[in-house]
Amino acid sequence: KAGVTQTPRYLIKTRGQQVTLSCSPISGHRSVSWYQQTPGQGLQFLFEYFSETQRNKGNFPGRFSGRQFSNSRSEMNVSTLELGDSALYLCASSARVSSGDTQYFGPGTRLTVL
Amino acid sequence: AQSVTQPDIHITVSEGASLELRCNYSYGATPYLFWYVQSPGQGLQLLLKYFSGDTLVQGIKGFEAEFKRSQSSFNLRKPSVHWSDAAEYFCAASNYGGSQGNLIFGKGTKLSVKP
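Chains as they are written, first to last, in the numbering used here: chain A, 1 to 114; chain B, 1001 to 1115.
Next comes chain A alone, as it looks inside the complex (with noise of 0.2 Å):
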């Protein structure tokens, strides 16, 4: 079963420009959860998707969103880029939405804001 896959993989923007990203989710799994990884912050949760709902949001601000497509694909999107969100962004996928549930991570997409 193929994994979590994300693109791209790298990614270089200005200041002001927004940025999509994309992940694919493990086939069956319905949640796809984002997570931004920065060396000061450490891992911080973005918000998780089930069935096209989004289900849980993080304490990031409204430029930051997301949406899930019939297909449990999802895309997360940054408008207004800043220099603080330079990050490798991590998609994570599990079979339902339930805490018990193992999210599997992709290898994150590595956004650098100039």
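Read the hints as simulated data drawn from the structure, not as lab findings. Each residue gets a CB set at the ideal place from its N, CA and C atoms; glycine is no exception. Watch out, some of these pointers could steer you wrong.
As the list claims (entries may be wrong) - In silico DSBU-like links for lysine-lysine, alpha-carbon gap of 35 Å or less:
1. A:Lys-57 with B:Lys-1068
2. B:Lys-1107 with A:Lys-57
3. B:Lys-1049 with B:Lys-1114
What the hints assert, rightly or not - Example chain B residues on the side facing chain A (calculated, C-beta under 7 Å, incomplete):
4. Gly-1043
5. Leu-1046
6. Asn-1102
7. Phe-1105
8. Lys-1107
9. Thr-1109
10. Val-1113
We have chain A; now place chain B onto it with these hints.
Structure of chain B alone, referenced to chain A:
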């Protein structure tokens, strides 16, 4: 507030030596507990998880972890470290019965292995 603490930022051990990485949690009730490993440039790989029952949990790559409710700890151990174990290790927790996506992570412990 819920939190996960990994007191050691960086640990260096010799190859073949034993390893223990510390993790403490602060939750209203016993959460689900996880250990993940991240190699440079990679995503996170699950090593093991604790939900309930036996407090000693076996994972992949020869790792194990022990849950101690009285100490709010979930320490990761390995009896003999291999050079390939050099990576960053993250302890994480999620609410029992809650939404699964909201994992709270510790800041991580970077493991270096001396030959």
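Hint by hint, work out which the structure violates, then give me just those numbers in ascending order.
-> Violated hints (numbers, rising): 9 and 10; every other hint is consistent with the structure.
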